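Chains A and B supply the protein sequences, listed in that same order. Everything in the first sequence is counted per our numbering, starting at 1 for the first residue and increasing by one. Everything in the second sequence is counted per our numbering, starting at 1 for the first residue and increasing by one.
Derived by calculation from the structure, the hints in this document are not laboratory data.
Derived lysine-lysine pairs resembling DSS-like cross-links, with alpha carbons at most 27 Å apart:
#  : chain 1 : residue 1 : chain 2 : residue 2
1  : A       : Lys232    : B       : Lys106
2  : A       : Lys45     : B       : Lys317
3  : A       : Lys109    : B       : Lys227
4  : B       : Lys227    : B       : Lys109
5  : B       : Lys45     : A       : Lys317
6  : B       : Lys106    : A       : Lys227
7  : A       : Lys45     : B       : Lys319
8  : A       : Lys227    : B       : Lys109
9  : B       : Lys252    : B       : Lys232
10 : B       : Lys232    : B       : Lys45
11 : A       : Lys45     : A       : Lys232
12 : B       : Lys232    : A       : Lys109
13 : A       : Lys45     : B       : Lys310
14 : A       : Lys106    : B       : Lys45
15 : A       : Lys319    : B       : Lys45
Bear in mind that the values here come from a model prediction, so they are computed numbers and not experimental data.
Number of protein chains: 2
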Amino acid sequence: MTDRAFNFNAGPGTLPVPALQQAARDILDYQGLGLGIMEMSHRSKEFMAIAEQTESLFRELLGIPNNYRILFLQGGASSQFFMVPMNLLAPGTTACYLNTGTWSAKAIKEARRFGTVDVPFSGEADNFRRLPEPTDYTVAHGCQYLYLVSNNTIFGTQFSSFPETDVMLVADMSSDILSRRIPVERFGLIFAGAQKNLGPAGVTIVIVRDDLLDRVADSVPTMLRYKTHADKQSMYNTPPCFAVYLVGEVLKWVKAQGGVEAIEQRNEEKARLIYEMIDSGDYYRGHAEPSSRSRMNVAFNLPTAELEAKFVAAAAKQKMIGLKGHRSVGGCRASIYNAFPVEGVRHLVAFMQRFERENPA
Amino acid sequence: MTDRAFNFNAGPGTLPVPALQQAARDILDYQGLGLGIMEMSHRSKEFMAIAEQTESLFRELLGIPNNYRILFLQGGASSQFFMVPMNLLAPGTTACYLNTGTWSAKAIKEARRFGTVDVPFSGEADNFRRLPEPTDYTVAHGCQYLYLVSNNTIFGTQFSSFPETDVMLVADMSSDILSRRIPVERFGLIFAGAQKNLGPAGVTIVIVRDDLLDRVADSVPTMLRYKTHADKQSMYNTPPCFAVYLVGEVLKWVKAQGGVEAIEQRNEEKARLIYEMIDSGDYYRGHAEPSSRSRMNVAFNLPTAELEAKFVAAAAKQKMIGLKGHRSVGGCRASIYNAFPVEGVRHLVAFMQRFERENPA
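Extracted from the complex, chain A is given alone in its bound form (with noise of 0.2 Å):
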């Protein structure tokens, strides 16, 4: 593993590598079993061993209430955008929306299929650099959830603090989802598809509020109801064994490294130490407004688009890959999630002040 790169990919992206190693074990044979990993019955006593335990760290590891499911679900966090409102938001009734970037959008786009959306909030004029303080809008008396993107990836945005609002939340949190502590109880409904923080993609987990369950109604096929997974702990039909099992290892991982708090702490550092540099002179410039900064996602702009792409080169060229930007945005974007390693950050700022010498705006 001495060759490994410097991965700021925006997802899928780095992962622990000591769950790879295991996970390349585990293929060839699990537990000396004589079968992979893959190979075994979802129903077998040891696949069940590596579900529970791999949704019980999770549990432990987030402090979810007990009156809260945890779900292991498929079709990416694309497909929550519509299971959200076919679960939670009856025809006739009406769900406020923050818009803070294209996954917010898209996610308005599918609960407007079945109820009213209202959207108190749209950084799109501004091109989505600043996220809303709470004197920005107002949620509508009677809304039935108040949903929010909490990291906007593209934009490099991410909330610091959730709303303070009677309505409950419902967060899509694929980008920072066990990056730093949460008030769960907050929240009606979380989700967030694991390709960044949690494991390969092919997984989406989904934490809901159990008296939200019942809310569906019964047109809704089987496949589609958060009910339907609960009842059965998520192994109504054959699960993403593979993905389950290595989400189970990131999160040994992140107990290893100290659990949630430790690893916020790391990604509080990581996230400066790149701030300090693009604040220290005018040669780079952050996307994101200061107070909506995001510590996994730092998309920031050169004086020109050719010495951004001469950026991106010369990094590559010394193992740092992935860091070309969104083409919503361009530029460039570093893309730090847990498992990216500080030694990495740091390799990356003094990359950033050498190229600033070599190649004056």
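Put chain B on the given structure of chain A with help from the hints.
For chain B alone, kept in the frame of chain A given last:
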């Protein structure tokens, strides 16, 4: 890999060793990039090449005509139970379903949410031991499609040929895809969860005729339309990258074995060996009627439930695992998917002979 068990699991089941060995390497570092197969962007040129190669190899191996699209979806075959009628069965129209077991019954239940479902044949009274002959049923005029499950894992039955009808066929081939040649052009849509013959649980392949993509109503959520995924080469959202990659490795193995025709011959040979043993006396009794027998799942009984339990336990001690039958049939079941070796079948047959001698009824 010398301690490898003979894995008769019904699914997830045994996978080809060369595919697993390659995966164990690629998880840590893919082609010297400094990152593993699960850690790269699905939009990277490396992963795009994997996805394209997997699709084209699948097309080549099954002889899929160019007017069919191949989709890599999530949610398991169980999600296709509702996606098929959601996309193909307009309100007020009728589809025909052959009820040949648990999986068709579930599909029928979901289809009834969308349109009229006609069930001209049901094997239920007979505990699904027999599949219909063409003369057993009539396909109602005007049916949108005739739905069937090509192989029934639980009851060990399999269509040896497909119904000759003017109505297009739709088939759940989860448990026998790629095990034999199929006349794709007679089908409107074929789907298969990967975890028997294709790869790990977590990806479902859909083969759909391209003229059917536009049938879907505007009200259907974006992620639930086949067209969404067809238009974006299954990259509308992040695909289950590792599962797609591993399917590709399994396909390379199939090709190296001589392709589907060679695999089909080997599967016939494997099934023949076990059924000949069963038919050689009265000790073992096959669940399925001979004309309906599956080449993938051999369900059989011993003289008593006690002997069956003893049989399963004794086999497990000799590294033949997963032989317990499904709870709805009882008895024993040997699943002998593509990657299950002929050697393992010979091992089982010898064990069956010995067990019968040592444990008279």
